[in-house]
Amino acid sequence: MTNLEIFDRIVHVMHHDYAGFKDKATWDHPDAFRQQVTTSLNTDQLSDIIEDYLADFKDQHCFLYRPNHTELRMPFFTQRYQNTLYVTKTYDKKIPVGSQIVAIDDHSIEAMAQLYKTRLAADIEHQEWSPLLRKAHAVTLANGRTLPIKLSKRDDPQIRHDYEQLSSTTGLMTLEDFASAIPMNHLLEEYAEKLSQLDNLIIDVRINGGGSDNVYYPLLNWLFPNSTTLNTIFNNIDPDIVQETNYTPTNLRNRRRIFNEFASEDDQSTQTYLNTILNDLKRHEHAGLAHFSDSFDDEDTVISGHAKPTHVYVLCDRKCGSSGDNFIHITCASPKVTIIGRNSAGVIDYANEAAEVFPTFEFWYPTTRTTAIDQGKGVDNIGYAPDIHIPWTPKMLTEDVDLNYVLKNLIQ
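The sequence shown begins at 1 in the UniProt record's numbering and counts up by one.
Watch out, some of these pointers could steer you wrong.
[Stated by the list, open to error] As a list, the in silico DSS-like pairs of lysine-lysine whose alpha-carbon atoms are at most 27 Å apart:
1) Lys-395 - Lys-408
2) Lys-94 - Lys-395
3) Lys-58 - Lys-150
4) Lys-395 - Lys-89
5) Lys-319 - Lys-58
6) Lys-24 - Lys-377
7) Lys-58 - Lys-89
8) Lys-395 - Lys-93
9) Lys-24 - Lys-117
10) Lys-308 - Lys-336
11) Lys-336 - Lys-319
12) Lys-319 - Lys-94
13) Lys-24 - Lys-135
14) Lys-377 - Lys-319
15) Lys-135 - Lys-117
16) Lys-153 - Lys-93
17) Lys-89 - Lys-153
18) Lys-408 - Lys-308
19) Lys-135 - Lys-319
20) Lys-150 - Lys-319
21) Lys-319 - Lys-117
22) Lys-395 - Lys-319
23) Lys-94 - Lys-153
Simulated from the structure, these hints should not be mistaken for lab results.
Modelling step: build the complete structure from the supplied sequences, incorporating the hints.
Okay, here's the thing in structure tokens:
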């Protein structure tokens, strides 16, 4: 395929197969980007143009992925506080954690925020600056030094799924994604006896890249006090809201491809779950955007419930997205659960991704939408709010303020 054919194919998918194609029919301007696509572009250059085009949809579930390719990554990550970007994590010794970035390419943070206000969340605390920093050349620190931004290759970080006993009555579980049922099942099997004796369970999902909702369903047994079903929970928190699927031959093909990949890597329950979804996609293949009463859903999933742990405290932040968003939304319905921290990412209104495969990369996009959007209850780029909001401050660079708040103020 030529570069232009690849670009036009992605535009076609966004206009016909993307679940938000009706909601965002006037959001994109493909002609402006099509003019930039030439035969001489390499994969990186073409990817940059496509990603700029996709940015107009404001959907983090739309992205390019290059299998077996170690991408160039940002050397640091930031959090905005007032009109400064604080470095929260770094791979560059010249820009240590705590460094204060006051300008990007000689533009103040306030000026950059105004210039790119359509690309940034309205809430300062919720803004993600990495996409803008990736395209910048240099940053200026509060001490006056100007340093170049050097993207570099590095391996993916190790994903944590672990449990720590903080005291005889309190445990801490850290879950950094819901990508596979295997680590979750192992964790729950290994620590079931301890969980059954806890007064307090703290669950840290402040960094959680999402995955599949069915992965965390077994954990819900410990988070609700009594037997219930997902259907009952959703009827309480989301009455009259359903999930619509964009049924198209393209989406059937593209979801089948990734289902085959994930099913081969995970346990039997996940394979069964994916096959049920696939059968639904086949049954209504040409229906377009719709919700059918006979469509697959997992709302009849039974939650057994346990009296222990007595109290559950979930730590949340803007890096908790997709299935992580859903986890926050569902668990807040339990009388045992208190959410502490900051809003989740808000990457959930359009979900259940498919992948269109090209010679050098894959294009991932969502195939379902929630009708919460129609009721003005969408949370994309906003997230689900915690029960107790703890504003982000630079103090969090040296102290786990969220965890300490729970230990000092909530645990009795």
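How the hints compare with the structure:
At roughly 17 Å between alpha-carbon atoms, Lys-395 and Lys-408 fall within 27 Å of each other, so this suggested pair holds. Simply put, Lys-94 and Lys-395 have alpha-carbon atoms about 21 Å apart, close enough for the 27 Å limit, and the pair holds. In summary, the hint linking Lys-58 to Lys-150 is supported, as the alpha carbons are separated by about 26 Å, within the 27 Å threshold. Distance hint between Lys-395 and Lys-89 is fulfilled; the C-alpha atoms sit about 14 Å from each other, no more than 27 Å.
Restraint check for Lys-319 and Lys-58: satisfied, since their Cα atoms lie roughly 16 Å apart, inside the 27 Å limit. For the hint pairing Lys-24 with Lys-377, the CA-to-CA distance comes to about 16 Å; that is within 27 Å, so the pair holds. At roughly 25 Å between alpha-carbon atoms, Lys-58 and Lys-89 fall within 27 Å of each other, so this suggested pair holds. Our distance criterion of 27 Å between C-alpha atoms is met by Lys-395 and Lys-93, whose separation comes to about 21 Å.
With a CA separation close to 18 Å, the supplied pair Lys-24 and Lys-117 stays within the 27 Å bound. Straight-line distance between C-alpha atoms of Lys-308 and Lys-336 comes to about 9 Å, which keeps the hinted pair within the 27 Å bound. Of the supplied pair hints, the one linking Lys-336 and Lys-319 holds, its CA atoms being roughly 24 Å apart against a limit of 27 Å. With a CA separation close to 25 Å, the supplied pair Lys-319 and Lys-94 stays within the 27 Å bound.
Straight-line distance between C-alpha atoms of Lys-24 and Lys-135 comes to about 25 Å, which keeps the hinted pair within the 27 Å bound. Taking the CA atoms of Lys-377 and Lys-319, the gap is near 21 Å; set against the 27 Å cutoff, the hint holds. About 16 Å separates the Cα atoms of Lys-135 and Lys-117, which keeps this hinted pair within 27 Å; it holds. With a C-alpha separation of about 15 Å, the suggested pair Lys-153 and Lys-93 falls inside the 27 Å cut-off, and the hint holds.
In summary, the hint linking Lys-89 to Lys-153 is supported, as the alpha carbons are separated by about 16 Å, within the 27 Å threshold. The suggested pairing of Lys-408 with Lys-308 holds, with an alpha-carbon distance near 21 Å, which does not exceed 27 Å. For the hint pairing Lys-135 with Lys-319, the CA-to-CA distance comes to about 21 Å; that is within 27 Å, so the pair holds. The straight-line distance between the Cα atoms of Lys-150 and Lys-319 is roughly 23 Å, inside the 27 Å bound, and the hint therefore holds.
Our distance criterion of 27 Å between C-alpha atoms is met by Lys-319 and Lys-117, whose separation comes to about 20 Å. Distance restraint check for Lys-395 and Lys-319: the Cα-Cα separation of roughly 18 Å lies within the 27 Å cut-off, and the hinted pair is therefore satisfied. Note on Lys-94 and Lys-153: the hinted pairing holds, with a Cα-Cα distance of about 17 Å set against a maximum of 27 Å.
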